[in-house]
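Sequences listed follow chains A and B, in order. Using the numbering used here, you'd call the opening residue of the first sequence number 26 and step up by one each time. Using the numbering used here, you'd call the opening residue of the second sequence number 26 and step up by one each time.
Hints are computed from structural coordinates only; laboratory data are not their basis. If a hint is listed, it holds; no wrong ones were tucked in.
Note: identical chains are not told apart, hence a pair may lie in one copy or across any two.
Computed list of lysine to any residue pairs in SDA-like fashion (alpha-carbon distance at most 25 angstroms, straight line): (1) Lys254 with Ser210; (2) Lys254 with Met215; (3) Lys141 with Met278; (4) Lys141 with Gln200; (5) Lys254 with Trp143.
Number of protein chains: 2
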Amino acid sequence: MAEDFEVTPFDVEGTVNYDKLVDKFGTERISDELKEEFFDLAGDRNLYVDRDFIYSHRGLDKTLEEYQEGDGFFLYTGIGPSGPMHIGHIISYYFTAWMQRKFDVNVYIQVTDDEKYWDRDITDDEIDEYVEDNVREVAAAGFDPDKTFIFRNREYMGNMYDGIVKIAEKVNNSQVSGVFGFEGSTNIGMNFWPAIQNIPTFFEEKRCLIPAGIDQDPYWRIQRDIAEKFGHKKTAAIHTKFIPALTGPDGKMSSSKPKTAIMLDDTPEQVEEKVKKHAYSGGGDTLEEHREEGADLSVDTSFQWLRNLLMEDDERLAEIAEQYSSGEMMTGEIKEILVEELNEFLQGHQERKENADEIVQQMMYEGDLAEKMWDKKIDLQRRNVKT
Amino acid sequence: MAEDFEVTPFDVEGTVNYDKLVDKFGTERISDELKEEFFDLAGDRNLYVDRDFIYSHRGLDKTLEEYQEGDGFFLYTGIGPSGPMHIGHIISYYFTAWMQRKFDVNVYIQVTDDEKYWDRDITDDEIDEYVEDNVREVAAAGFDPDKTFIFRNREYMGNMYDGIVKIAEKVNNSQVSGVFGFEGSTNIGMNFWPAIQNIPTFFEEKRCLIPAGIDQDPYWRIQRDIAEKFGHKKTAAIHTKFIPALTGPDGKMSSSKPKTAIMLDDTPEQVEEKVKKHAYSGGGDTLEEHREEGADLSVDTSFQWLRNLLMEDDERLAEIAEQYSSGEMMTGEIKEILVEELNEFLQGHQERKENADEIVQQMMYEGDLAEKMWDKKIDLQRRNVKT
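Construct the complete structure from the given sequences, taking the supplied hints into account.
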């Protein structure tokens with residue numbers, strides 16, 4: 026795609042240097058070749074990968090190779106129930122569900138109702154409320170209810186503690202301090218957390234593939250250090266860029282700052298108001314300047330969101346890019362387009378969330394995979410010699 | 026007792042200064058008054074307490090007061106399945122079972138099949154073998170199978186994880202480093218261990234009473250720091266002195282050094298051989314010296330074991346003390362008496378262990394308390410504000 030573009034909007038990336046992040050973390054860019062292989066095997070293209078919003082990986086090549094050889098793989102992601110979710114939270118679940126449908130693989134979703142208690146000033150009641158809500162949001166992303174297992178750590182601990190004991194023995198305080206920055210003032214729950222975070226990567230013999238923000242990559246170093254000691258494969262990962270806040274590329278979308286984020290339960294009116302009031306514009310300060318210089322797409326939230334998250338239609342996006350960057354299209358116009366696309370997305374999402382009761386029940390307790398997992402004890406290979 | 030003694034063997038304590046330990050740990054000596062109150066309420070006297078082998082406490086006075094007021098208390102101890110057990114291991118269980126019978130209270134016994142994996146170079150199979158063995162040894166100590174719950178952490182974790190999450194949030198790395206000496210090289214399982222160790226102290230609303238070696242006292246500082254934050258009582262403790270090794274008061278009884286210990290499964294012949302060969306004598310080096318100076322009871326293993334662990338009969342013990350310390354009785358004679366007492370004790374113990382199948386099953390799964398505990402989720406009071 027994108028070869029007939031006059032403007033190549035797919036290279037502009039705001040203020041983050043994503044090449045540097047790849048270097049820093051020692052991951053790899055998803056090459057054009059790997060991208061095509063991914064789409065070939067998926068039997069479909071994907072917006073996020075196509076537009077390089079998902080742009081980095083670790084071991085995706087090996088994962089696809091094993092998939093081709095019939096070994097398969099599985100997906101693992103998590104839900105941290107600490108608040109209502111915004112649009113920046115949900116994208117990765119849509120991508121994960123897309124991969125599940127295309128590759129026909131199992132997905133494990135760990136609800137970290139223990140970690141959030143250790144990490145935040147939050148009560149049990151709040152956690153329960155956010156679990157209830159967040160699980161329904163995630164369910165709306167289109168997972169297969171018979172191949173997806175969503176589990177609350179506090180509920181599922183009895184089934185996975187044997188394996189967690191084994192992981193915890195292989196990881197020491199210095200390691201988690203190095204990787205997570207834990208200190209003397211860190212509570213011992215948080216300090217133990219890496220053992221719990223890692224156990225789902227061992228739920229199957231197959232390779233685990235984790236879709237996550239590029240900034241999360243270092244946290245999986247521990248898994249890569251210990252996996253082979255248990256005869257398991259190192260986990261693979263596929264990394265997203267950051268989604269800019271509504272208020273601009275330097276901010277972070279946050280549920281507690283409504284200006285910065287579109288919440289998943291925002292009404293069409295709220296969306297319109299937020300975008301019009303707060304969406305950061307890369308357009309000129311005056312009409313004259315805008316007509317002359319055009320908009321800076323790299324910092325324009327409306328354009329970035331359309332490109333990275335929402336607008337499937339390549340041609341229309343290219344047109345918008347050209348018109349807006351040339352100054353022909355005004356900020357008000359691109360904001361209208363964003364509002365329309367957001368509301369269309371949210372309408373579908375909210376409807377699916379509304380009707381998620383049954384699939385939530387299946388993914389947590391009664392679906393094929395959930396039933397299998399509740400019957401299972403997760404342990405790791407016993408070793409006779411310490412390594 | 027002991028007022029008509031010519032020699033007061035009950036004051037001699039080998040090479041450990043137990044008063045200093047009480048000062049160091051900030052515990053209290055069990056006063057004569059408290060001792061009498063304890064016996065009054067128990068409706069019986071107890072060898073270990075009578076002879077000051079159990080000599081220190083923390084909050085035993087409050088515990089007995091609450092017991093008198095009808096609030097009751099419960100007992101908590103543990104089994105660390107890392108090897109076969111010797112006589113030094115079992116005494117505390119006999120005392121705990123005695124208290125259970127006299128005060129009619131529940132006993133919780135935590136089998137630390139997680140902590141031992143983290144702390145020792147030991148395999149799952151070895152742990153399983155020692156759990157099987159150690160639980161039967163402990164069952165032989167005479168617990169009430171309907172009021173005793175023996176649980177393996179790895180098995181029972183699902184029922185207690187909610188509460189453990191709450192404890193872990195209240196304890197930080199610096200605290201466990203201060204109390205347990207954990208370091209960077211400590212694995213994150215061991216570092217988390219204090220949260221698991223503490224949860225049974227919250228199994229009931231009543232005060233928990235822990236019988237333990239005086240050296241274990243500091244490990245419960247964390248419980249005393251956090252208990253009231255959950256609306257629970259600080260745990261009380263009742264402390265034993267150290268049991269000298271067979272080879273003398275400076276050594277430690279150890280299963281891996283057979284010379285130093287009488288194992289619970291030793292045959293009468295093995296006991297006789299070990300005592301005759303290895304029991305440290307406080308007697309004179311020559312017959313002449315012995316007849317002249319007598320034995321030093323404070324370092325003589327035979328005498329110390331008889332006094333602290335085995336010989337119920339005060340008068341006979343006083344006679345032995347007098348005769349042996351005056352040089353009238355020879356080392357060979359007191360060793361004969363020890364062999365006889367040990368073998369009598371071991372014969373009864375081994376028979377009870379042999380027939381422990383059913384009561385083990387009750388204490389772990391099917392007795393009244395066990396059934397209640399398997400139906401229960403342990404959680405701690407939810408708080409609305411961090412304290």
